[in-house]
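Trainee: Knowing the structure of chain H, use the given hints to seat chain B on it.
Protein chains: 2
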Amino acid sequence: MAKLARAAELLRAADHIVILSHRSPDGDTLGSAAALYRALRKLGKTVRCECADAVPKKYGYLFAGIESPEFDPEFVVSVDVADRKLLGTLNETYGDRVDLAVDHHASHVDFAREQYVDSRAAATCEIICDLIALLGMDADADMATAIYTGIVTDTGCLRYSNATPKSYRMAASMMERGADAAEINRRMFETKTRARVEMERAVMDSMTFYLDGKCAVIRITEEAVARSGAEEGDLEGLASLPRQIEGVLVGVTLRERPGGECKVSLRTQAPVDAAAICGEFGGGGHIRAAGCSLMAALDDAERAVVSAIEEALRDL
Amino acid sequence: MAKLARAAELLRAADHIVILSHRSPDGDTLGSAAALYRALRKLGKTVRCECADAVPKKYGYLFAGIESPEFDPEFVVSVDVADRKLLGTLNETYGDRVDLAVDHHASHVDFAREQYVDSRAAATCEIICDLIALLGMDADADMATAIYTGIVTDTGCLRYSNATPKSYRMAASMMERGADAAEINRRMFETKTRARVEMERAVMDSMTFYLDGKCAVIRITEEAVARSGAEEGDLEGLASLPRQIEGVLVGVTLRERPGGECKVSLRTQAPVDAAAICGEFGGGGHIRAAGCSLMAALDDAERAVVSAIEEALRDL
Numbered sequence: 064m065a066k067l068a069r070a071a072e073l074l075r076a077a078d079h080i081v082i083l084s085h086r087s088p089d090g091d092t093l094g095s096a097a098a099l100y101r102a103l104r105k106l107g108k109t110v111r112c113e114c115a116d117a118v119p120k121k122y123g124y125l126f127a128g129i130e131s132p133e134f135d136p137e138f139v140v141s142v143d144v145a146d147r148k149l150l151g152t153l154n155e156t157y158g159d160r161v162d163l164a165v166d167h168h169a170s171h172v173d174f175a176r177e178q179y180v181d182s183r184a185a186a187t188c189e190i191i192c193d194l195i196a197l198l199g200m201d202a203d204a205d206m207a208t209a210i211y212t213g214i215v216t217d218t219g220c221l222r223y224s225n226a227t228p229k230s231y232r233m234a235a236s237m238m239e240r241g242a243d244a245a246e247i248n249r250r251m252f253e254t255k256t257r258a259r260v261e262m263e264r265a266v267m268d269s270m271t272f273y274l275d276g277k278c279a280v281i282r283i284t285e286e287a288v289a290r291s292g293a294e295e296g297d298l299e300g301l302a303s304l305p306r307q308i309e310g311v312l313v314g315v316t317l318r319e320r321p322g323g324e325c326k327v328s329l330r331t332q333a334p335v336d337a338a339a340i341c342g343e344f345g346g347g348g349h350i351r352a353a354g355c356s357l358m359a360a361l362d363d364a365e366r367a368v369v370s371a372i373e374e375a376l377r378d379l
Numbered sequence: 064m065a066k067l068a069r070a071a072e073l074l075r076a077a078d079h080i081v082i083l084s085h086r087s088p089d090g091d092t093l094g095s096a097a098a099l100y101r102a103l104r105k106l107g108k109t110v111r112c113e114c115a116d117a118v119p120k121k122y123g124y125l126f127a128g129i130e131s132p133e134f135d136p137e138f139v140v141s142v143d144v145a146d147r148k149l150l151g152t153l154n155e156t157y158g159d160r161v162d163l164a165v166d167h168h169a170s171h172v173d174f175a176r177e178q179y180v181d182s183r184a185a186a187t188c189e190i191i192c193d194l195i196a197l198l199g200m201d202a203d204a205d206m207a208t209a210i211y212t213g214i215v216t217d218t219g220c221l222r223y224s225n226a227t228p229k230s231y232r233m234a235a236s237m238m239e240r241g242a243d244a245a246e247i248n249r250r251m252f253e254t255k256t257r258a259r260v261e262m263e264r265a266v267m268d269s270m271t272f273y274l275d276g277k278c279a280v281i282r283i284t285e286e287a288v289a290r291s292g293a294e295e296g297d298l299e300g301l302a303s304l305p306r307q308i309e310g311v312l313v314g315v316t317l318r319e320r321p322g323g324e325c326k327v328s329l330r331t332q333a334p335v336d337a338a339a340i341c342g343e344f345g346g347g348g349h350i351r352a353a354g355c356s357l358m359a360a361l362d363d364a365e366r367a368v369v370s371a372i373e374e375a376l377r378d379l
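Protein chains in written order, with this note's numbering: chain H, 64 to 379; chain B, 64 to 379.
The shape of chain H in the complex, shown without the other chains (with noise of 0.2 Å):
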């Protein structure tokens, strides 16, 4: 499907809705949903939003108002899911009978009868605001501040590469349209748990650096996880915190997971290559991204990935 106007014209026809996000949902497949239910909504039209994972506490407000009702699927959506398994368990029930699959993601594998997929948009939601101007409406401030959450957290708040000048001025849009920005943001950027702070503490206080500073190494062990009572959220991006510090070419983190398994994450700033560094271990990943598994304990693990950074950067 070439066109996001066929997109529409099959949402017009269709009536009995299910709106499908991928598992561990984040801000950009929860505000699709949001915005797209509240969009079909207003043609009139009965429609509810499914997720294999509970909706995370944080985004709760993208739902105020939204209702689930009980009834059999005549047209099936699913906004931002890049494979059919990321459904997660609502892959069995609905993997082989999505009718519309709107996705973002340069690594769409198809699995839906037609698809839109633009992986020029920064996030879903872009597409999503795009298909409701089509659907002949204009958002109202609900929708609008479901698109611009999911503009912002898949672009870390306009600030990655995969931020476009339509990013911004889409944002700009959905702020005139009623999204509190600012108190968006507040929530998705300013506020962390109690839990999170203590990782944060403990990770700080595990810092180890090496090779002349080119190289930086936390550690999230299970007892520092066990004392803070993190949740898998409160551990999401503490992996790029090495890497931000000046010098730090190599930043490392090693994960400590039950049965004696260490997960090491690797990021790296140009030119080394992360994907290559861990490939030794059995992993991979991308250029400046990438990760392993070790069977070893922290410390054996720290000196054996060490060892090969120092490799890799002999080599630069």
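Among the clues, some could well be false.
Note that identical chains are pooled: a pair holds if it fits in a single copy or bridges any two copies.
[To be verified] Dumping the calculated EDC-like pairs for lysine to aspartate or glutamate here, alpha-carbon to alpha-carbon at most 16 Å:
no., residue 1, residue 2
1, Lys148, Glu246
2, Lys326, Asp362
3, Lys105, Glu239
4, Lys255, Glu309
5, Lys326, Glu285
These are computed hints drawn from the structure, not numbers from a lab.
Mentor: Frame of chain H; chain B shown alone:
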């Protein structure tokens, strides 16, 4: 002076122009100066930028290729300077001979012969951008880089409540004119000095919670500053850390100073009045951000301030 066109007229008529930034320069005063310098140079004028303090290394890219010729100034323009005192050591030389002040601070105290002050602008760079257009010019890539920098540094990358849809749209235009947004944001927001990391570690370690977690206190000790080698710039924003924690209504930062002084910064969430609490100790400020100074050891200051906060919370 009501109209920015008048500022453009003054600049067009002038030559041998000195552009003044405020002391302890930030991205907005430096971005404004760099962008305006480049525009005036394109008009064939002789220009130099001056600032009482050295340009911090992180802003060095703004001044690539900018020259500092010797001449007797015929026209002096200040950018982002809210008060002549903020010229620092340049106040003596230039304080009473500023021909034009361009600023966005609501607290601007008139000191120049003429001024253009627009407090709706999130950054003085927004005004400079409009001014450059009035000088009959399109911003080139270097000007766009400087303007983008000023907008994002004064708005926390568009996160804060001062950012307007105009800020977003202007940032988008600057990207289209050549500002490398992702790289600028990486330098501004994703890069920390080793000293900064050490200071974050020290203040995280010092963090104490009071009043059922409604109050969090951190300490910046002389010893930690000396040990980390932190400069003033490395301490920027530390005071905002405690208030970011879920449940914290009052974040307190105690800064040990020479001579037995303890400087206190308060950051509050609604409805707590930071200025009122600091007022009890002879300080003041805004409703959500205020400060005061106590001649007391840190422990004593902490006790006194927490006790005042307890009172304030009881009254809510």
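Trainee: For Lys148 and Glu246, with the copy left unspecified, which applies at a CA distance of at most 16 Å: within, between, both, or neither?
Mentor: Intra 34 Å, inter 34 Å, cutoff 16 Å: neither.
Trainee: Given identical chains, is Lys326 near Glu285, meaning Cα to Cα at most 16 Å, within a copy, between copies, both, or neither?
Mentor: within (12 Å within a copy, 38 Å between copies)
Trainee: At most 16 Å between alpha carbons: which applies to Lys105 and Glu239, within, between, both or neither?
Mentor: neither (20 Å within a copy, 36 Å between copies)
Trainee: Are the CA atoms of Lys255 and Glu309 at most 16 Å apart within a copy, between copies, both, or neither?
Mentor: For Lys255 and Glu309, only the inter-copy Cα distance (6 Å) is at most 16 Å; the intra-copy one is 24 Å.
Trainee: My question is about Lys326 and Asp362: at a cut-off of 16 Å on alpha-carbon distance, are they close within one copy, between copies, both, or neither?
Mentor: Only inside one copy: Lys326 and Asp362 sit 13 Å apart there, 41 Å across copies, limit 16 Å.
In summary, the structure is inconsistent with hints 1 and 3 from the numbered list given earlier, while agreeing with the others.
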